[in-house]
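Chemist: Per this note's numbering, the very first residue in the sequence shown carries number 30; after that it's consecutive.
It should be emphasised that the hints constitute simulated quantities derived from the structure, not laboratory data.
With a cut-off of at most 20 Å between alpha-carbon atoms, the simulated EDC-like pairs for lysine to aspartate or glutamate come out as follows: (1) Lys-441 - Glu-484; (2) Lys-420 - Asp-406; (3) Lys-623 - Glu-590; (4) Lys-254 - Asp-269; (5) Lys-425 - Glu-484; (6) Lys-235 - Glu-266; (7) Lys-109 - Glu-139; (8) Lys-462 - Asp-534; (9) Lys-481 - Asp-467; (10) Lys-481 - Glu-454; (11) Lys-254 - Glu-266; (12) Lys-425 - Asp-534; (13) Lys-460 - Asp-406; (14) Lys-109 - Glu-92; (15) Lys-481 - Glu-404; (16) Lys-319 - Glu-454; (17) Lys-481 - Asp-529; (18) Lys-425 - Glu-404; (19) Lys-175 - Asp-285; (20) Lys-441 - Glu-410.
Quick list of simulated restraints, FRET-style, between CB atoms: (21) Asn-236 - Glu-85: 37 to 47 Å; (22) Leu-345 - Lys-462: 37 to 47 Å; (23) Lys-116 - Pro-422: 36 to 46 Å; (24) Ser-451 - Glu-85: 51 to 61 Å; (25) Pro-100 - Asp-190: 24 to 34 Å.
Glycine included, each C-beta is placed from N, C-alpha and C at the ideal position.
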Amino acid sequence: MISTEYTLLLFFSLYASARCTSYAPRDYFAAMNNRQDDPHQLSSTKDPRINGISYEIYKASIEQYLKTASPGRTLEDLAKPDIQKIKLNCWDAWSCIKTDAFLRSLSDIEISGQGIWNIDVGGNPSCQSNITLLAYFIGNLPNVAKLSWNTGWPIPPVLLDSLETKHPACRLYYNLPFSHYGEYGFADDGRRNASEANQYRMEFHKNRTLARRSILNSTNLYSLKAYIDYTHTDGPEKMDLIHQVLLTCPNIRELDLQVWRSGCHQQSNRSFAFNVEKYNTTLPPLEILKVAGYRFDYPADGIWRWPLREYKKVLLWPWTKLPAFMIKLAGRPLIHNAGGFMSEEIPSPRLEDLNTTNLDAWLEYMDWSNIHTLEIDSPDEQSLQKLGRYKLPNLKSFSVRGGCQSCSTSDKSTLEFLTTLSPLESLALVKWKTTALDEILGVITEHHSSLKSFEFSQCRVTFCKNEYNTDYSGCGWREHGNGTFPNGTQLTRLFSICPDLHSLDIEIQTSAEWDYDVFDTLASFPILNCLTLSFVSGERRSSHAEFGYNAQRQHRDDELELLIIGIKAYLKKRKSGVPFEQLRTLVRGQEYGKTDEEENPGQSTALTPGLYDPELVELLHEMSM
30 MISTEYTLLL FFSLYASARC TSYAPRDYFA AMNNRQDDPH QLSSTKDPRI
80 NGISYEIYKA SIEQYLKTAS PGRTLEDLAK PDIQKIKLNC WDAWSCIKTD
130 AFLRSLSDIE ISGQGIWNID VGGNPSCQSN ITLLAYFIGN LPNVAKLSWN
180 TGWPIPPVLL DSLETKHPAC RLYYNLPFSH YGEYGFADDG RRNASEANQY
230 RMEFHKNRTL ARRSILNSTN LYSLKAYIDY THTDGPEKMD LIHQVLLTCP
280 NIRELDLQVW RSGCHQQSNR SFAFNVEKYN TTLPPLEILK VAGYRFDYPA
330 DGIWRWPLRE YKKVLLWPWT KLPAFMIKLA GRPLIHNAGG FMSEEIPSPR
380 LEDLNTTNLD AWLEYMDWSN IHTLEIDSPD EQSLQKLGRY KLPNLKSFSV
430 RGGCQSCSTS DKSTLEFLTT LSPLESLALV KWKTTALDEI LGVITEHHSS
480 LKSFEFSQCR VTFCKNEYNT DYSGCGWREH GNGTFPNGTQ LTRLFSICPD
530 LHSLDIEIQT SAEWDYDVFD TLASFPILNC LTLSFVSGER RSSHAEFGYN
580 AQRQHRDDEL ELLIIGIKAY LKKRKSGVPF EQLRTLVRGQ EYGKTDEEEN
630 PGQSTALTPG LYDPELVELL HEMSM
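Full structure from sequences and hints, please.
Modeler: Encoded structure:
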């Protein structure tokens with residue numbers, strides 16, 4: 030038996046196919062100019078039948094798509110002068126077909142001329158929707174205030190032209206794609222020989238590079254997000270493109286840049302930063318700056334100068350007592366296998382450091398006074414000293430990520446930096462190393478009692494040996510429970526210091542004896558409505574551990590997830606004041622403990638007996654007292 034939803038989608042697809050030619054003209058700008066409709070309102074359907082399909086069935090088909098494109102909205106809502114939020118999915122061929130059909134169908138639906146549209150386009154590099162149709166649709170909307178582009182393929186020039194022509198005030202949030210899959214995934218399809226595949230790869234890379242440059246000189250670009258992985262040789266080329274985007278797009282105000290080095294070999298003379306001296310042009314006045322892996326403390330010529338290490342083989346005693354001819358007769362491989370050589374590093378001077386660092390160049394070429402949100406990782410002490418109250422007078426949100434192994438940042442220098450800032454509204458101290466929470470609360474008391482959001486976590490990852498091996502084979506990164514965890518007394522002090530605090534992100538230790546006082550304290554804060562709890566499990570992150578380990582961990586994780594669901598229900602039931610708008614629980618960075626109601630919002634589901642039941646969790650609490 031065919032379901033009702035499948036029938037409606039079938040009618041929907043048939044209608045879209047029938048209208049494909051008339052609503053996807055080759056020259057979409059000419060089609061816009063020749064339309065007889067009001068430019069501020071698309072036409073409304075009056076014919077009771079459309080291409081032989083009942084209007085009621087046609088209307089129901091569109092409403093089926095609206096359930097995913099705009100949850101909670103109906104066709105009647107599109108005719109209201111409200112903020113309209115639409116999410117267009119292009120993740121596979123079927124979703125692209127449905128998206129194209131939906132866009133064509135909106136030409137026959139009444140839309141308010143005073144509505145404000147926020148459009149989110151998502152997808153992957155292997156699938157692409159009808160770009161001409163999308164540009165035509167956006168160009169005919171009354172007022173597009175925001176367009177988010179996160180598809181895995183560069184935004185086409187035809188769409189940028191449509192934005193600049195029809196919606197010059199629209200803010201474009203762009204995730205610039207540098208994906209490895211998108212570049213090389215289609216080069217070798219099994220039908221080409223080696224030379225043809227290489228030629229195809231070169232042409233594809235050339236066209237892809239040109240397509241990425243379409244964003245240059247865009248007046249709509251407001252926010253740019255980019256991820257650069259220096260696995261391939263075109264890393265400096267990508268960094269230079271981001272730099273050019275900043276220089277040619279005058280209205281950009283947000284930058285989220287992540288730079289990662291991968292592979293076993295560190296190469297010197299590679300451009301891991303902007304070469305500001307090359308262009309000698311002022312950067313736009315950013316308001317939000319988020320950088321990870323971008324070293325502000327390195328020289329400002331766009332190069333990370335890694336000192337190269339050289340080694341020599343040193344002959345050990347008693348082999349040194351042998352004459353040279355006997356060493357030659359025995360051979361170096363034999364002596365090496367017998368442990369007769371030792372590697373010794375040759376002393377070499379560091380490469381000469383320039384006086385100007387990346388941060389110095391940024392301070393010279395960009396006005397930092399407009400920044401209200403700053404996120405950085407592993408800053409050195411000198412860089413923090415160069416920033417402060419006079420460089421960041423309007424800073425309201427600050428996030429710093431430390432490191433677990435060798436990194437230049439320190440808790441002490443970061444705390445000293447916090448004392449130079451104006452009162453903050455949001456503070457995130459991620460991967461903290463040594464400083465206890467009490468010392469941080471002292472700084473917050475004196476300088477940042479205005480906090481509305483606070484995040485705190487410690488570095489709990491170490492490199493460990495496998496207990497079944499005598500060497501380091503089978504070792505891996507282990508998340509341990511060492512360090513301190515916030516207790517009820519500290520949390521009470523935090524909320525007394527910051528009366529406006531409504532968002533909190535902390536760690537919780539998993540153990541046989543839970544600290545229920547922490548949960549009771551969290552539930553007692555009346556204005557706390559956003560809570561994130563990261564449960565530290567103490568599990569190994571390596572996948573090549575002892576036999577049966579993965580199955581054992583999965584079993585423990587399943588039990589932990591059941592308990593976390595009960596803890597969430599316990600917190601929601603005992604919450605005083607405003608209810609939780611957001612309650613997230615994480616284990617090793619992944620969200621755990623989602624109930625059926627959270628997976629399917631708007632649908633009423635009963636709690637399953639057992640650990641899902643908050644009554645049982647409360648009973649366990651009383652028994653533990």
